[in-house]
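Given these sequences and hints, build the entire structure.
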Amino acid sequence: MEVNVINKQKFLAELGRLLTFMYEEDRQTALAMYSKMFDDAAEEQLLLQFLISPTRQAVLLARSYDAKERKLQVHTQSREEEPDYSDYDGQFPPFILAIDDLQQSAAAQGIFSPVEETQPVDEDQFSLFDEPAAPAQEDENLPPQETLPLVSEQPQPLPQEAEEEKDSVSEFADAVDAFLADFSIADGELIPSHSQQEDAGEPEAEENEAAPQFDDQPFRLEELSPQPLPQEPAEGEAEAGESSLSLQEEEELSPLEDAPAATVRKAKVFPLILYIIFSIPITLLLVLLLLVPTLFSLSFAVTFVSSGVLVLTGAFAGFSIFADLMVILGLALVLLAIGLLFTWLFIWFIGGAIAGLIRGVIRLGGKWCFKEVAVR
Amino acid sequence: MKSGWKIILLVVLIAILLGAVCMGVGMMTGADFARIWATLDDKYHVEMYYQYFVEVWSLLQAELI
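Heads up: the sequence lines are chains A and B, in that order. Taking our numbering as reference, the numbering of the first sequence is continuous, increasing by one, and the terminal residue is 376. Taking our numbering as reference, the numbering of the second sequence is continuous, increasing by one, and the terminal residue is 65.
Honestly, the hints are just simulated from the structure, not real lab data. Because the structure is a prediction, the values reported are computed rather than measured. Some hints could be false.
[Unchecked claim] From chain A, some residues computed to sit far from chain B (all C-beta separations above 10 Å):
1) Lys-36
2) Arg-63
3) Ser-64
4) Thr-263
5) Ser-279
6) Leu-291
7) Gly-314
8) Asp-324
9) Ile-328
10) Lys-371
[As the list claims (entries may be wrong)] Not close to chain A: a few residues of chain B, all C-beta gaps over 12 Å, as computed:
11) Ala-15
12) Ile-16
13) Asp-32
14) Thr-39
15) Tyr-44
16) Glu-47
17) Met-48
18) Tyr-52
19) Val-54
20) Glu-55
21) Val-56
22) Ser-58
23) Leu-59
24) Leu-64
25) Ile-65
[Unchecked claim] Partner residues are not named here, just some residues of chain A that face chain B (Cβ under 8 Å, in silico):
26) Phe-319
27) Leu-331
28) Leu-333
29) Ala-337
30) Trp-344
31) Phe-349
32) Ile-350
33) Ile-354
34) Leu-357
35) Val-361
Cβ atoms here follow ideal geometry from the backbone N, Cα and C, with glycine treated the same way.
In structure tokens:
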């Protein structure tokens with residue numbers, strides 16, 4: 001049993017370190033959900049084999065985590081004590097849904113305890129993040145047995161079901177709060193709170209007994225880290241197979257961990273020089289070619305507009321017959337319209353065609369001659 | 001640019017349509033192109049400028065070719 005506890009603690013600690021790309025609220029929520037999975041598991045080893053490794057779970061979360069979209073969401077919730085995930089475009093964030101899918105897959109494989117196997121995992125379990133009054137109203141239409149197993153692991157007596165139905169959400173929220181209160185993540189590591197650090201002087205035997213109750217007695221990362229050598233012979237073969245598997249997979253997935261890291265554009269020098277040498281004369285030639293129709297458009301525009309103005313002014317100067325005046329006014333309108341068309345054509349050649357050509361050449365150079373380099 | 005094209009083409013189309021209507025009305029009410037040309041020539045000396053450009057063009061042709 002001690003081996004299981006240590007594996008669970010190691011798993012969560014490693015996962016906490018790997019989830020540094022997430023916002024603090026999201027990371028703590030994800031860790032709380034994984035901790036709940038461990039608590040609900042019938043056998044911890046089965047769950048660990050199902051989850052395979054913390055790195056794999058971190059990659060899974062990284063693929064479903066959009067930091068840009070979460071940024072605004074987290075900032076709007078920064079003044080709230082608990083995050084409200086129900087406002088995320090009408091549904092939960094993708095990383096929570098990913099963990100939920102994981103829980104459902106684990107439940108389908110019979111990893112969780114039998115009480116929870118009989119009950120399907122639905123989205124109501126996320127209602128703990130909402131206000132307690134809202135989910136209680138939604139659950140009133142449901143039978144009490146659907147919500148109880150998700151929250152409380154022990155069977156409750158029938159007369160208390162009504163109260164438990166109302167308090168089910170708050171109990172689960174209390175469990176998450178207890179986990180979040182016991183731990184704080186700083187510098188990518190899980191660190192127990194100050195109140196728990198005071199209990200460090202207790203004997204280890206007492207800790208090992210209380211360790212399975214993860215929500216009540218948090219593990220101490222400082223105690224685990226300086227004792228790697230004494231633990232290895234004690235754990236023996238039980239951890240050997242799993243650790244070798246997880247290490248091998250971490251090596252394979254290590255490039256994927258860099259996916260959310262920042263990238264920097266780096267120039268490919270030789271292609272860039274070649275591109276500059278060839279692109280500048282070609283661009284100048286194309287610009288000169290485009291200048292020909294541009295100047296023609298300008299000359300036609302000036303001609304037609306000036307002709308239209310002259311005809312229009314002449315209409316009011318020397319014509320006394322109404323029929324001739326109408327013809328002259330119509331001719332002036334047609335000339336001015338054609339002049340306007342050529343004027344717009346000139347503007348389009350200057351601002352659209354030539355400027356677009358130069359922008360396209362620069363963009364093509366940036367695409368061909370620069371590469372994205374990941375920076376940790 | 002796309003909206004600019006739409007607006008310009010719409011204005012040009014409307015202006016040409018109005019001009020055509022005006023010219024049609026003028027033609028139907030008895031306009032005479034010879035009289036119009038004579039009036040414009042008296043005001044802007046169109047015939048004189050036309051003859052001047054023809055002479056310059058023929059001179060350039062004789063020099064260059």
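Verification of the supplied hints:
Every C-beta of chain B lies more than 10 Å from that of A/Lys-36, the closest at about 54 Å, which supports listing it as non-interface. Residue placement check: A/Arg-63 keeps its beta carbon more than 10 Å from all beta carbons of chain B (closest about 37 Å). With a cut of 10 Å on Cβ distances, A/Ser-64 stays outside the contact zone with chain B, its closest approach being about 37 Å. Distance check on A/Thr-263: its Cβ is at least 32 Å (rounded) from any Cβ of chain B, clearing the 10 Å threshold; non-interface status holds.
Every CB of chain B lies more than 10 Å from the CB of A/Ser-279, the least distance being 24 Å, so the non-interface label holds. Separation of A/Leu-291 from chain B is adequate, the least Cβ-Cβ distance of about 19 Å exceeding the 10 Å criterion. With a least beta-carbon separation of about 5 Å from chain B, A/Gly-314 fails to lie farther than 10 Å from that chain, contradicting its non-interface assignment. With a minimum CB-CB distance of about 5 Å to chain B, A/Asp-324 fails to clear the 10 Å threshold, and the non-interface call is violated.
Remark: the non-interface label on A/Ile-328 conflicts with the geometry, its nearest Cβ contact in chain B lying 7 Å away (cut-off 10 Å). Against chain B, the non-interface label of A/Lys-371 holds: every CB pair exceeds 10 Å, the least being about 32 Å. Distance check for B/Ala-15 against chain A: the nearest CB is about 4 Å away, which does not clear 12 Å, and the non-interface claim fails. B/Ile-16, annotated as away from the interface, has a beta carbon of chain A within 12 Å; the closest lies near 5 Å.
Listed as a non-interface residue, B/Asp-32 fails to keep its Cβ farther than 12 Å from every Cβ of chain A; the least gap is roughly 7 Å. Non-interface call for B/Thr-39 relative to chain A: violated, since the shortest CB-CB distance, roughly 5 Å, does not exceed 12 Å. For B/Tyr-44, the shortest C-beta to C-beta distance to chain A comes to about 6 Å, within the 12 Å cut-off, and the non-interface label is violated. At roughly 15 Å, the least C-beta separation between B/Glu-47 and chain A is larger than 12 Å, which holds for a residue marked as non-interface.
Under the 12 Å C-beta cut-off, the non-interface status given to B/Met-48 relative to chain A holds; the minimum distance is some 15 Å. With 12 Å as the threshold on Cβ separation, the claim that B/Tyr-52 sits away from chain A holds: the shortest Cβ distance comes to roughly 17 Å. For B/Val-54, the non-interface assignment is confirmed: its Cβ lies about 18 Å from the closest Cβ of chain A, beyond the 12 Å cut-off. Even its closest Cβ contact with chain A, about 20 Å, leaves B/Glu-55 beyond 12 Å, as expected for a residue assigned away from the interface.
At roughly 17 Å, the least C-beta separation between B/Val-56 and chain A is larger than 12 Å, which holds for a residue marked as non-interface. At roughly 22 Å from the closest C-beta of chain A, the C-beta of B/Ser-58 stays outside 12 Å, upholding its exclusion from the interface. The Cβ of B/Leu-59 sits about 22 Å from the closest Cβ of chain A, beyond the 12 Å cut-off, so the non-interface label holds. Annotated as non-interface, B/Leu-64 keeps its C-beta farther than 12 Å from every C-beta of chain A; the closest such distance is 21 Å.
No beta-carbon of chain A is positioned within 12 Å of the beta-carbon of B/Ile-65; the least distance is around 24 Å. Annotation: interface hint on A/Phe-319 holds; nearest CB of chain B at approximately 6 Å, less than 8 Å. Among the interface hints, the one on A/Leu-331 holds; its C-beta lies about 7 Å from the nearest C-beta in chain B, closer than the 8 Å criterion. A least Cβ separation of about 3 Å between A/Leu-333 and chain B falls short of the 8 Å threshold, and the interface hint therefore holds.
Hint status for A/Ala-337 relative to chain B: holds, with the closest Cβ pair at about 4 Å, below 8 Å. Here the hint on A/Trp-344 is kept, as its CB sits about 4 Å from the closest CB of chain B, short of 8 Å. Contact between A/Phe-349 and chain B, as hinted, is not supported at the beta carbon level, the nearest pair being about 11 Å apart and thus beyond 8 Å. Hint on A/Ile-350 is violated. Least Cβ distance to chain B is approximately 11 Å, over the 8 Å limit.
Using the Cβ-Cβ criterion of 8 Å, the hint placing A/Ile-354 at the interface with chain B is not satisfied: the shortest such distance is roughly 13 Å. Against a cut-off of 8 Å between C-beta atoms, the interface hint on A/Leu-357 is violated, since the closest Cβ of chain B lies about 14 Å away. About 19 Å separates the beta-carbon of A/Val-361 from the nearest beta-carbon of chain B, more than 8 Å, and the hint is not met.
Of the numbered hints listed earlier, those contradicted by the structure are 7, 8, 9, 11, 12, 13, 14, 15, 31, 32, 33, 34, 35.
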